[in-house]
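A.B. asks: The residues making up each chain are set out below.
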Amino acid sequence: MSDSKNISKTETGRRRFLQQTLGAGLAAGAPLIVPASVFGADRPVPSDRLTLASVGVGSQGRYDLDRFLSQNDAQVVAVCDADAVRLAAAKRRVDEHYGNSDCKTYRDFREVLDRPEIDLIHTATPDHWHVPIAAAACAKGKDVYCQKPLSLTVREARQAVEAARRFGSVFQVGTQNRSNPSARYGCELVRNGRLGKLKTIDVGTWEVSKRCWLPAEPVPEHVDWEMWLGPAPYRPFNAEIHRSRGWMPYMDYSGGGVTDFGAHFFDLVQWAMGTEDTGPVEITPLDPAETDGRFVSYKYANGVTVYRTTGNFMRFVGTDGVLELDICAWASIKSAQPSTLDREPIGPNEIHLRKSNDHYANFLECARTRQLPVADVEKGCRAVTICHIGNIAEWLGRPLQWNPQQESFVNDAEANRWLERPKRAPWNV
Amino acid sequence: MFRFCAGTFVVGIVFGTTLLNAAAPENLRQSFETLLPGMGAEKIAESQSAQQQWENICLNLCKPGKEPGRIEASRLMAENLGPDTPSGARIWLLRQLEYLGGRESVAAIAAAMDDEDLLVGRAARRALTNNPSAEASQQLVAKLARAEDPVFKIGLLNALAYRADPSTVAAAAKPLNDTNLAVVAAAARALGEIGTPEAAANLKKARENSPPQLREVLGNASLRCAATMVARGQRHAAQAIYSELRNPQEPESVRLGALDGLFTVADEHPVAKICAILRGSDRGAAGVAAAQIAKLNATEVKELAGNLAYLPPASQVLALEALRVRADKRVLPDVVAIARSKDPKVRIAALRALSSVGDASVVPLLLEALSDGGPTARAARGSLEALYGEHVDAAIIAAMQTSENIQRRALLIEILKRRRSVAAVPVLLEESRHSEPHVRTYAMAALSQLAQHDDVPEMVQGVLVADAGSERDGAEKAVMLLCNRVTDRDERADPILQVFDTLADEDQKSLLPLLGRIGGKRSLEKIQTALESKDPDLYGVGVRAMCNWPDGDVAQELLDIFQSSQEETYRLQAMRAFIRVIALRHERPNSESLEMLREAMKFCSRDEERNLILSRTTSAEIRSLEALQFVLPYLKNPATAQQACRAVVGLAHHRYLRRPNQAEFNKALNEVIAVSDDPALVDQARRYRSDL
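These protein sequences, in sequence, are chains A and B. If you're matching positions, the first sequence starts at 1 in our numbering and goes up one per residue. If you're matching positions, the second sequence starts at 1 in our numbering and goes up one per residue.
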């Protein structure tokens with residue numbers, strides 16, 4: 001999929017909202033537009049802003065929420081969470097920011113999606129909810145900012161792409177390194193052959209997710225546990241799972257540290273190699289004790305081998321140089337060989353990757369201009385798929401052949417049964 | 001049948017055999033019967049061990065060529081899905097059957113769907129959903145025929161959607177007449193996923209008689225059907241569906257989806273059609289048409305660009321945005337022509353498009369637009385930052401050098417920085433000594449990102465001419481950022497020290513704070529020399545330099561200054577720096593750091609410093625139960641209570657610290673909840689308290 005595609009969209013909810021508000025305002029004799037001076041000279045009046053609702057306002061959700069609150073051309077109008085305490089905290093934050101009490105709260109995301117005047121849905125739920133909510137939002141004509149990793153399974157990731165394309169939604173995945181100048185520059189160096197012929201890439205992540213055997217505990221009054229579980233298989237409440245990111249080690253809700261960090265850094269692998277519309281062809285689980293901490297190898301058709309390894313770095317090794325990014329420091333360049341490598345300009349006739357310096361602003365801009373955002377859902381789909389198929393190879397403990405065009409394992413019906421998981425009724429994508 | 005007797009089973013890796021042996025068909029029954037009792041054990045540790053071992057065996061069988069073992073394991077599990085097996089074990093077995101079961105297990109799984117235990121029934125439905133055999137489809141269809149509960153029906157229809165088995169069309173179509181709209185929607189979705197002509201025909205019939213609230217659901221399902229047909233090469237059948245869905249009675253989103261589909265299957269030249277729609281008044285359709293620009297070939301794009309001038313402004317904007325991301329430089333003359341449009345939105349869209357279709361020839365146009373201010377200037381600036389091509393940097397550099405407007409000159413430097421214009425470094429070094437502070441500030445900031453280590457000696461001149469205050473501070477940071485790129489800390493200041501001895505005394509003195517920021521042994525020597533000076537002015541600069549130190553290795557030196565200095569100002573500076581560096585990387589044991597904070601607290605006479613100390617207790621070098629105990633007394637003092645609350649919550653944030661010290665943190669968090677005036681902090685404290 002190329003960047004060069006724009007997105008069609010029906011009459012936006014925002015416009016419908018404005019028409020409705022206009023009518024209501026006239027009837028009530030209320031002022032329609034708050035003067036710009038109230039917000040500062042450079043701040044758009046409310047009618048120019050895109051309206052946004054945040055679904056899932058735990059730790060990551062609140063981080064995103066703050067970033068959206070700081071955008072002048074977006075107005076957060078609603079927050080939604082299965083946890084009433086988190087919900088109240090998020091509402092307070094939004095209301096304090098705007099100096100009013102207008103932010104609406106919801107426990108059920110479907111009620112948020114039913115509000116036609118909401119343009120944008122931001123979702124930062126646990127991973128097992130990402131695609132069901134995001135795809136439903138697309139079907140309701142919303143644009144979507146979905147936290148990474150995009151999905152719980154390979155098939156879900158593709159379903160997210162299909163939903164976005166079908167309904168013409170701008171769909172940004174929260175892989176923020178796409179809006180990180182340092183990461184972009186590193187990828188440009190690799191893409192333009194500054195390391196010579198690329199040989200290997202090491203990607204540090206945390207570990208793969210596993211089954212959960214935590215004991216049952218009483219459900220706190222403030223938690224709607226049925227809604228929290230949603231499409232995941234039922235299991236009794238446990239506070240450890242429910243706490244922020246506590247669900248991440250467990251495979252019913254997440255691919256673990258592999259999809260958490262891998263969604264970022266396998267995406268950079270794809271960006272750096274220019275393989276964003278494809279993926280590896282062979283995945284092999286490794287014994288880390290015998291491979292210097294490497295867990296999985298991914299062979300690409302271009303001859304490059306990518307390793308999932310331990311450590312907070314990403315290392316590109318070519319015939320003429322080595323480039324290491326610090327993945328815990330906003331993908332800054334940690335070291336380069338030769339040492340002058342990271343000051344080399346990218347020439348006018350070389351490959352320049354798409355520029356965005358603010359992931360949230362890029363999403364809002366694309367929602368206005370109907371262009372594919374910098375971390376479009378297709379890219380998020382390809383990146384998380386790499387994580388998922390590596391996890392499947394690890395779970396099954398054997399090498400797998402992958403067909404990135406058909407997005408299935410080659411001649412391996414057994415492994416293909418892991419590409420999707422049935423959901424608890426009534427949920428689907 | 002094996003009877004369960006919790007506690008009597010044997011835990012351990014399948015009686016000492018290897019996983020491969022345990023998974024061999026001849027050993028499977030023995031392995032399974034050994035592990036099955038444990039899988040249903042009430043104690044989690046016991047069930048976990050047995051369940052994990054059995055899953056490992058199953059995963060090992062999930063492999064081409066292991067069919068006999070897979071079938072045997074599947075049969076063994078199927079035989080034990082009855083009520084004699086505890087629910088927990090049955091659910092676990094069904095989870096394995098979800099990826100391992102074949103036709104041999106279908107009947108047993110189907111029976112389990114009717115289990116009184118709802119969780120077993122749900123697990124069985126999931127296992128059947130992912131079972132690849134035709135028998136699984138038949139069982140799901142049979143269940144659907146008898147189902148009455150709407151949620152159960154939806155679950156079964158979702159299963160049919162998941163499987164997309166063409167043999168289930170008739171079964172999936174029947175609920176289209178259901179009185180429950182959610183069931184109808186699930187049926188439509190299943191038919192859409194199946195995507196055969198028969199499924200499409202059923203959906204078409206349902207659309208004809210559907211209530212308004214279902215038209216969108218049914219239309220979307222039909223679109224899904226058509227997309228599946230396109231993927232299968234059935235373009236004509238898909239085209240017929242898309243054409244039907246263009247009917248004005250269909251919801252707008254469906255009609256637009258159908259228009260997009262028609263573009264996908266069309267054989268004819270699309271540009272004329274795109275332009276016709278773009279000229280029309282249907283804005284939704286115009287959006288769909290503009291989206292097609294991405295799919296045009298190079299000749300078609302050029303042809304479309306030639307039509308730009310004849311489109312209404314709103315469509316011009318759409319097309320220009322599409323051309324921008326398409327980045328085909330052949331359309332440059334068409335975009336330049338429209339960039340002077342009187343319509344501000346069109347002008348902005350054209351200026352933005354120049355970022356990707358432009359070259360050095362558009363730099364003057366973009367520079368001119370910078371003067372417009374507002375969104376037009378922002379668009380021009382964005383394009384100047386992103387534009388690439390031969391001579392673009394040179395054109396911007398020349399414009400910067402000739403600009404007499406200070407603000408504009410600084411803006412162009414900022415643009416060069418964002419362009420990563422390394423070619424601008426020689427000019428920026430000159431600008432770092434410009435007569436205007438504003439220009440110098442921007443130049444130094446740009447150099448911090450673009451210059452090489454070799455440029456540091458020249459940048460030192462920029463530091464020396466910088467005015468004291470924020471400009472000097474920024475200049476020093478710019479040099480520091482460059483120096484910090486050297487791995488060996490003791491070599492970082494070398495380029496500055498190279499020129500240091502050649503400078504006049506006053507300039508040497510001016511550079512001491514910069515040496516302090518960078519650190520290293522040789523910098524320390526220079527600073528210590530200043531601290532030994534009898535010249536009070538030089539001594540003061542030495543104190544300031546030491547207070548800038550980047551790590552915790554000079555804690556003792558700072559304490560010495562605090563204790564020996566006669567000037568209260570220097571004592572205070574040294575104390576604050578001491579508090580700051582204790583929590584930074586250092587070469588002493590972490591346990592000493594908390595002791596040093598305790599010492600510092602004894603010396604503090606003001607609440608500002610006390611609060612500063614409390615704020616440092618959460619850093620990785622201090623964080624411990626002892627740190628919590630150190631903080632607690634300060635919750636009682638109103639002047640330090642709020643910072644102490646933050647420190648307690650900051651420490652409690654770390655599970656590895658709070659959980660092993662439940663009693664201490666419970667008490668501390670209770671105090672925070674009672675004392676803190678920050679509702680968000682109280683929320684956080686409550687959450688941590690509930691997770692002890």
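Please keep in mind that the hints were generated in silico from the structure rather than gathered at the bench. Fair warning: there could be bad hints in the mix.
What the hints assert, rightly or not - Only some residues are given here: those of chain A computed to face chain B with a beta carbon under 8 Å:
1) 191
2) 193
3) 370
4) 371
All figures in this text were calculated on a predicted structure; none of them were measured in a lab. Just so you know, even glycine gets a beta-carbon here, dropped at the ideal spot from N, CA and C.
A.B. asks: Hint by hint, say whether it matches the structure.
C.D. replies: Now for the hints, and whether the structure bears them out:
Because the smallest distance between the Cβ of residue 191 of chain A and any Cβ of chain B comes to about 14 Å, over 8 Å, the interface hint for this residue is violated. At a threshold of 8 Å, the smallest CB-CB gap from residue 193 of chain A to chain B is about 17 Å, leaving the interface hint violated. A hinted interface residue such as residue 370 of chain A counts as satisfied when its beta carbon comes closer than 8 Å to some beta carbon of chain B; here the least separation is about 6 Å, so the hint holds. The restraint placing residue 371 of chain A at the interface with chain B holds, with a minimum CB-CB distance near 5 Å, inside the 8 Å limit.
The structure is inconsistent with the numbered hints 1 and 2, although it conforms to all the rest.
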